Amino acid sequence: MSESKITRREMLCTLGRLSLVALPATGLLACGRSKESEKNPGDKYPVAIVPCSSYDDEKLSSAIHLGWQKTIPPVVKNKKVVIKPNLVEFNAKRPIHTDVHLVKALVQFLKKLGAKEVIIAEGPGHRRDTEAVWRKAGYFDLKNEFNIPLIDLNYDDLQVIKTVSYKDSLIKNLYLPKTILSADVIISVPKMKTHHWVGVTLSLKNMIGVVPGIKYGWPKNIVHWNGIEKSIVEINATIPTHYTIVDGVLGMEGDGPIMGSPKKVGALVMGNNALAVDATSARIMGLEPNAINYFRAAHENGLGSLKTEDIVLTASGIEAFKTDFDLDPEFGHLKATRA
Numbered sequence: 003m004s005e006s007k008i009t010r011r012e013m014l015c016t017l018g019r020l021s022l023v024a025l026p027a028t029g030l031l032a033c034g035r036s037k038e039s040e041k042n043p044g045d046k047y048p049v050a051i052v053p054c055s056s057y058d059d060e061k062l063s064s065a066i067h068l069g070w071q072k073t074i075p076p077v078v079k080n081k082k083v084v085i086k087p088n089l090v091e092f093n094a095k096r097p098i099h100t101d102v103h104l105v106k107a108l109v110q111f112l113k114k115l116g117a118k119e120v121i122i123a124e125g126p127g128h129r130r131d132t133e134a135v136w137r138k139a140g141y142f143d144l145k146n147e148f149n150i151p152l153i154d155l156n157y158d159d160l161q162v163i164k165t166v167s168y169k170d171s172l173i174k175n176l177y178l179p180k181t182i183l184s185a186d187v188i189i190s191v192p193k194m195k196t197h198h199w200v201g202v203t204l205s206l207k208n209m210i211g212v213v214p215g216i217k218y219g220w221p222k223n224i225v226h227w228n229g230i231e232k233s234i235v236e237i238n239a240t241i242p243t244h245y246t247i248v249d250g251v252l253g254m255e256g257d258g259p260i261m262g263s264p265k266k267v268g269a270l271v272m273g274n275n276a277l278a279v280d281a282t283s284a285r286i287m288g289l290e291p292n293a294i295n296y297f298r299a300a301h302e303n304g305l306g307s308l309k310t311e312d313i314v315l316t317a318s319g320i321e322a323f324k325t326d327f328d329l330d331p332e333f334g335h336l337k338a339t340r341a
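Residue numbers (the numbering used here): 3 to 341.
Think of the hints as simulated: they come from the structure by calculation, not from any bench.
Owing to the predicted nature of the structure, the values given are computational and were not obtained by experimental measurement.
Cβ coordinates follow ideal geometry from the N, Cα and C atoms, glycine included.
Warning: the hint list may mix true and false statements.
[As the list claims (entries may be wrong)] Here are the simulated DSSO-like pairs of lysine-lysine, each with C-alpha atoms no more than 30 Å apart in a straight line: (1) Lys180 x Lys145; (2) Lys145 x Lys106; (3) Lys81 x Lys145; (4) Lys81 x Lys113; (5) Lys82 x Lys106; (6) Lys174 x Lys82; (7) Lys72 x Lys266; (8) Lys174 x Lys217; (9) Lys217 x Lys266; (10) Lys113 x Lys79; (11) Lys72 x Lys337; (12) Lys106 x Lys138; (13) Lys217 x Lys46; (14) Lys145 x Lys309; (15) Lys114 x Lys46; (16) Lys169 x Lys113; (17) Lys46 x Lys72; (18) Lys113 x Lys145; (19) Lys72 x Lys138; (20) Lys309 x Lys169; (21) Lys266 x Lys106; (22) Lys337 x Lys106; (23) Lys309 x Lys46.
[Claimed, not checked] Label pairs and their computed distance ranges (CB to CB): (24) His335 x Gly116: 44 to 52 Å; (25) Glu321 x Ser263: 19 to 27 Å; (26) Ile163 x Glu133: 21 to 29 Å; (27) Asn175 x Ser56: 41 to 49 Å; (28) Gln161 x Gly304: 22 to 30 Å; (29) Glu60 x Asp131: 27 to 35 Å.
From just these sequences and the hints, can you work out the full model?
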């Protein structure tokens, strides 16, 4: 008699989907720390898709400036700003991480706007040696040039807080890095990538990096035990970002977030609501946002909107950049149907 085997990845994907099926639309308990985003008039969410064909410093600077103007950005003057890139791993041949040139252009821009302090912070779920990733990806050069701190959130000082969570959550209380909790402004700067556990990783998924490995293990074990998709919603409800810039200059398709292939898009996607930015990015990738479990749960629980009628594109349109990303066959159902 043959044995039926299931891989850890298959098990986690199944558990994640099961946890999302049971989530009621208003299931989040309103407790914990919250941050007010800039108010959006009429509950419309401005999102800027800004052309940026390369990581040339001048092109990046111009693109950030335009996207900032075309949306509702946070006030950063005299504020402590934390930039949260995606640095899960480094491979010179694969676009795994947020490109350092984009973060450099953002640092320069924030300093011109009068930010009191700019910090770059990340807590990779794949690697325990964040310093090696910083170094290989060029972030140490950025640190030295601008004299800004690089904070490893996996080993930062911690503070326990009540989370905005579901009744059956395993993370009703969570130890989180003080660097994140003390920030006046959090800017998420993820890479536009596919993901072999949740289909796609953008700004909402990027915030899993604030969960400290030193407390919860690698790859952020409590997130997976709780159900990764449910955890994404809870963490973003507890620690909302103030602004998102998706690095879509060069994305990743296929077996993301680490082993996929480069995918040229040539754009930054920017806005003050992470879900609206993520939904727009997903449409650029040829995906249907409503088919992505944690997007839908975030929408149903009031973290923003994924509906086209609620999102105002203030720069370029989606069609100019739309390109079908290859997906793991398991996530083929996420593909948008063409009219």
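Hint by hint, where does the structure go against what was stated? Just the numbers, ascending. Hint check: 9, 13, 14, 16, 19 and 22 fail, others pass.
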